[in-house]
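Asks: Sequence:
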Amino acid sequence: MLPGNFFEDIDIGDERLTPRVTVTEGHVLGYAGVAGDFSPVHMDEVYARTTEFGGRIAHGLMGLSLTDGLKVQSAFFRDGIALGWTWNFKRPIRIGDTLQVRYRIADKRTSRSKPTMGIFFIEVQLLNQNDEVVQEGEHRLMVPRRDVDAPEAVG
Numbered sequence: 001m002l003p004g005n006f007f008e009d010i011d012i013g014d015e016r017l018t019p020r021v022t023v024t025e026g027h028v029l030g031y032a033g034v035a036g037d038f039s040p041v042h043m044d045e046v047y048a049r050t051t052e053f054g055g056r057i058a059h060g061l062m063g064l065s066l067t068d069g070l071k072v073q074s075a076f077f078r079d080g081i082a083l084g085w086t087w088n089f090k091r092p093i094r095i096g097d098t099l100q101v102r103y104r105i106a107d108k109r110t111s112r113s114k115p116t117m118g119i120f121f122i123e124v125q126l127l128n129q130n131d132e133v134v135q136e137g138e139h140r141l142m143v144p145r146r147d148v149d150a151p152e153a154v155g
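The sequence shown begins at 1 in the numbering used here and counts up by one.
Where hints are given, some of them may not hold.
[Said to hold, decoys possible] Simulated DEER-style distance windows between Cβ atoms: (1) 40 / 116: 43 to 51 Å; (2) 39 / 8: 40 to 48 Å; (3) 146 / 30: 13 to 21 Å; (4) 133 / 40: 20 to 28 Å; (5) 116 / 85: 17 to 25 Å.
If you are wondering where the hints come from, they were derived from the structure by calculation, not from laboratory data. Keep in mind it's a predicted model, so treat the numbers as computed, not measured. Where a beta carbon is used, it is the ideal one built from N, C-alpha and C, also for glycine.
Sequences and hints are given; from them, build the entire structure.
Replies: So, in structure tokens, the structure goes:
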């Protein structure tokens, strides 16, 4: 099991900041290779200068991926299972930006289908070095409950 808190250990309103990461050329190139997205706004500085962004930007979904990774690094949740994201892009992420995630527990409930688990509804913001929100949304995360045995199999 990963370190972190069980469902019962976390309250509505709890808020955390994650460690930081500085976006590098390597992040953008690596993400382009994994995603297969070599759009010129991400790869070609000359082209990107002609766009509304005025230069290269990181992939939007790379921001979401970094958000999830930083959340995991915070070690707040024990063995979390992602159920879904609702996500919005507010500002571009640029090479050299230093990012950090702020998240807050907006709501929680026990799982109806998995009684050994609880579900968190988490408000999430991805911030740059100027404390500007570059991306934000809601994350639904399932986490183990403490000392709850799974129902025995029938048959």
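Asks: Hint by hint, where does the structure go against what was stated? Just the numbers, ascending.
Replies: 3
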